[in-house]
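Colleague: One-letter residues, chain by chain:
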Amino acid sequence: MSKSRIEARFAALKAEGRAAFVPYVMAGDPDAATAAAILKGLPAAGADLIEVGFPFSDPMAEGPPIQRAAQRALANGMTLKATLEAIRAFRDGDADTPVVLMGYTNPLVTWGLAAFARDAGAAGVDGLIIVDTPPEEAGPLADACDANDISLIRLATPTSDDARLKVVVSRTSGFVYYVSVAGVTGVKEADAVAVAPHVERVRKASGLPVAVGFGIKTPERAAAIARVADAVVVGSALVDEVAAAVELNEDVTARVLSKVEALAKAVRVARHGLAPV
Amino acid sequence: MNAPAVPNDYSAYPDARGRFGDYGGQYVPETLMPLVHDLDAAYAAAKADAGFQAELAGYLTHYVGRPSPLYFAARLTEHFGGAKVYLKREELNHTGSHKINNCMGQILLAMRMGKTRIIAETGAGQHGVATATVCARFGLPCVVYMGSVDVERQKPNVFRMNLLGAEVRPVTSGSATLKDAMNEALRDWVTNVHDTYYLIGSAAGMHPYPVMVRDFQAIIGREAREQILEAEGRLPDAVVACVGGGSNAIGLFHPFLNDDGVKIIGVEAAGSGLESGRHAAAINGGRPGVLHGNMTYLLQNQEGQIEEAHSISAGLDYPGIGPEHAWLHDVGRATYLSATDAEALDAFMLLSKLEGILPAIESAHALARLPEITREVGKDGIVVLNLSGRGDKDVNTVAAHLGRVI
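Going down the list, the sequences are from chains A and B.
Under the numbering used here, the first sequence has 182 at position 179, and the numbering climbs by one with no breaks.
Under the numbering used here, the second sequence has 533 at position 76, and the numbering climbs by one with no breaks.
Hint data in this document are derived by calculation from the structure and do not stem from the laboratory.
The reader is advised that the hints may include incorrect statements.
Claimed, not checked - If we take Cβ atoms under 10 angstroms as the criterion, some of the chain B residues that face chain A in the derived model are:
(1) Q483
(2) T534
(3) F537
(4) V647
(5) E764
Said to hold, decoys possible - Derived pair list, reagent style EDC-like, types lysine to aspartate or glutamate, alpha-carbon separation capped at 20 angstroms:
(6) A:K191 <-> B:D645
(7) A:K207 <-> A:E10
(8) A:K84 <-> B:E760
(9) A:K17 <-> A:D99
(10) A:K191 <-> B:D652
(11) A:K17 <-> A:D164
(12) A:K169 <-> B:D495
(13) A:K220 <-> A:D194
(14) B:K720 <-> B:E680
(15) A:K84 <-> B:E764
(16) B:K720 <-> B:E683
(17) A:K207 <-> A:D164
(18) B:K836 <-> B:D694
(19) A:K43 <-> A:D99
Note that the coordinates shown come from a computational prediction; the quantities given were computed from them, not determined experimentally.
Even glycine gets a Cβ: it sits at the ideal position worked out from N, Cα and C.
All chains should be built: construct the whole structure from the sequences, respecting the hints.
Modeller: Here it is in structure tokens:
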């Protein structure tokens with residue numbers, strides 16, 4: 004069921020001739036109820052797949068925006084259990100939009116890898132991206148994911164040469180996430196011209212759709228990436244909207260979903276030669 | 458989990474995947490994987506290269522001032538009334554701690570790899586000072602990440618690093634201490650992959666750092682072993698060191714691991730007491746998990762979120778411990794005790810008054826367990842303790858705890 008949800012979505016988008024828009028939101032940011040409302044509103048705002056971050060105290064690959072999002076969520080008592088409950092609640096109202104959980108290894112080790120994959124699968128999680136579990140350490144997690152029909156999604160990066168790519172794409176499914184810049188999330192800007200040949204290389208090596216993320220902040224940039232990649236991931240720019248809304252005492256859900264709409268629209272029209280509005 | 462096997466030869470570890478039993482490994486973001494593989498290969502080549510080893514030995518002799526003395530602490534011995542206490546005087550090294558042994562090895566490796574920019578993390582500032590020192594010596598730019606809390610409590614070391622030409626970047630994220638400095642250094646490395654060498658100061662982090670730092674620090678134990686054989690004609694009954702990440706400890710311990718008769722004793726920082734929850738004792742008060750690239754014992758909550766460590770000593774104020782220590786604990790080869798802030802302060806005063814040596818507050822944690830260790834070993838016994846650093850940097854901290862204004 005789960006792997007096929009990701010496959011079905013990418014197959015449908017391919018038929019439409021467009022890239023997927025993938026928003027990243029942090030579970031429990033700024034609080035559980037608001038995050039649930041955002042999650043529920045994402046498909047209607049134009050999300051084709053959804054990445055849900057689960058907070059970790061020491062997110063070593065994240066820039067300041069997602070670090071702060073994790074701290075907001077943890078400060079408000081967010082847990083991994085509550086993250087799965089939020090996804091289960093989302094799944095009750097949406098049977099089709101794939102949900103990919105993204106985060107760090109230690110909370111899963113604490114839960115137990117096999118038990119976690121079982122519980123995540125039951126909650127309706129379709130894929131896992133574990134930033135600090137590279138292929139060399141992924142054996143037990145890959146086994147657990149396989150047993151529960153969850154895609155273990157790998158990261159390819161500007162430092163992945165052809166030999167390394169072979170290792171990266173082993174035992175993966177769903178899609179491959181191409182990290183468009185050497186760096187942490189939300190700092191450098193991705194360049195579509197520089198990214199394009201890498202996307203093609205990763206597509207060839209994996210035979211899977213390629214999502215591009217890290218450093219995509221504006222509709223213009225999202226559209227440029229959507230012309231060369233199969234999916235466009237935006238995270239830091241969205242959690243920054245959460246932070247700004249909290250700071251200005253605005254409606255967090257409305258502000259985030261409005262940004263999602265703008266980005267999703269840009270991605271939808273990107274390959275029609277239309278200027279994004 | 459099965460009971461871990463006790464190995465026949467401790468020097469055969471880690472395995473090719475950087476594992477000490479279940480501990481260690483390479484849990485890093487994909488961007489860094491090619492870099493840690495390169496580092497692994499470059500270190501293996503350097504280790505086997507007699508030219509590299511000779512160059513390192515030359516600098517250790519003429520720049521660092523090795524070998525460090527093994528000093529019989531007569532008055533301390535008399536005070537405890539048990540085993541003879543020898544102090545391995547790492548505080549007499551250039552820059553005042555054992556940290557420079559590793560920095561000298563890694564800076565030579567960095568240059569061999571063609572890297573042109575050095576980054577490091579530091580807690581107490583000892584590793585930062587040692588890194589800044591070797592960068593000055595070899596003319597490489599140096600950025601040191603340091604938690605803003607530590608910047609405040611170790612001001613003299615911040616100024617020392619500045620004098621040596623290093624840029625100290627205060628880290629305000631998370632708990633603003635050593636673990637956050639390490640996060641920030643990793644974020645720098647992942648951003649500057651082409652020219653930057655990350656010079657880790659602890660026998661922790663992802664493979665190959667734990668084995669590389671251990672190898673560069675093992676000169677402590679190799680010298681101590683020769684020196685005690687020279688002085689006493691036999692091996693000691695126990696070797697003792699303080700443990701934060703554990704670089705000074707593994708450096709002393711490693712050459713003795715295959716000597717069955719030598720007890721191996723690490724001392725963790727118990728802060729306000731293990732029962733208080735405010736401590737830095739990863740083995741005595743934590744459980745296995747993954748942080749900063751390796752599987753090891755960690756202070757963490759029930760959810761697997763890393764908890765803040767608490768210790769009077771900035772150098773021990775880290776929620777993890779090197780993976781080799783985790784493994785030595787599990788297989789029973791080493792014993793990990795703990796000492797509180799108050800006990801360390803008492804030991805600091807004691808050594809200052811009895812031997813005329815101000816120990817680093819880190820090393821004072823090891824000194825604090827000498828009453829029990831010397832008693833247990835007994836009058837005919839011999840204990841070697843690693844005096845990993847000097848205490849000049851800690852006089853403000855000690856004064857504050859004594860209620861004195863200086």
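Colleague: The structure should be examined with respect to each hint, and the outcome stated for every one.
Modeller: Evaluation of the provided hints:
Hint on Q483 (chain B) holds. Least Cβ distance to chain A is approximately 6 angstroms, under the 10 angstroms limit. Annotation: T534 (chain B) was flagged as interfacial toward chain A, and the flag is violated, the nearest CB pair being 43 angstroms apart, outside 10 angstroms. For F537 (chain B), the interface hint is violated, since its Cβ never comes within 10 angstroms of a Cβ in chain A; the closest pair sits about 40 angstroms apart. For V647 (chain B), the interface hint holds, the least distance from its beta-carbon to any beta-carbon of chain A being 6 angstroms, beneath 10 angstroms.
For the restraint placing E764 (chain B) at the interface with chain A, the shortest Cβ-Cβ distance is roughly 8 angstroms, inside the 10 angstroms limit, so the hint holds. For the hint pairing K191 (chain A) with D645 (chain B), the CA-to-CA distance comes to about 12 angstroms; that is within 20 angstroms, so the pair holds. The suggested pairing of K207 (chain A) with E10 (chain A) holds, with an alpha-carbon distance near 17 angstroms, which does not exceed 20 angstroms. A C-alpha spacing of about 9 angstroms is found between K84 (chain A) and E760 (chain B), which places the hinted pair at or below 20 angstroms, so the restraint holds.
Under the criterion of a C-alpha separation no larger than 20 angstroms, the hint pairing K17 (chain A) with D99 (chain A) is consistent with the structure, at around 16 angstroms. Straight-line distance between C-alpha atoms of K191 (chain A) and D652 (chain B) comes to about 17 angstroms, which keeps the hinted pair within the 20 angstroms bound. A threshold of 20 angstroms between alpha carbons decides the hint, and for K17 (chain A) with D164 (chain A) the separation of about 27 angstroms lies outside it, so the pair is violated. The suggested pairing of K169 (chain A) with D495 (chain B) holds, with an alpha-carbon distance near 17 angstroms, which does not exceed 20 angstroms.
Between K220 (chain A) and D194 (chain A), the direct Cα distance comes to roughly 12 angstroms. Compliance with the 20 angstroms bound is thereby established for this hinted pair. Note on K720 (chain B) and E680 (chain B): the hinted pairing holds, with a Cα-Cα distance of about 18 angstroms set against a maximum of 20 angstroms. Annotation: proposed proximity of K84 (chain A) to E764 (chain B) holds, straight-line Cα distance about 19 angstroms (limit 20 angstroms). For the suggested pair K720 (chain B) and E683 (chain B), the alpha carbons sit about 17 angstroms apart, so the restraint of at most 20 angstroms is met.
The suggested pairing of K207 (chain A) with D164 (chain A) holds, with an alpha-carbon distance near 13 angstroms, which does not exceed 20 angstroms. Between K836 (chain B) and D694 (chain B), the direct Cα distance comes to roughly 11 angstroms. Compliance with the 20 angstroms bound is thereby established for this hinted pair. With a CA separation close to 13 angstroms, the supplied pair K43 (chain A) and D99 (chain A) stays within the 20 angstroms bound.
In summary, the structure is inconsistent with hints 2, 3, 11 from the numbered list given earlier, while agreeing with the others.
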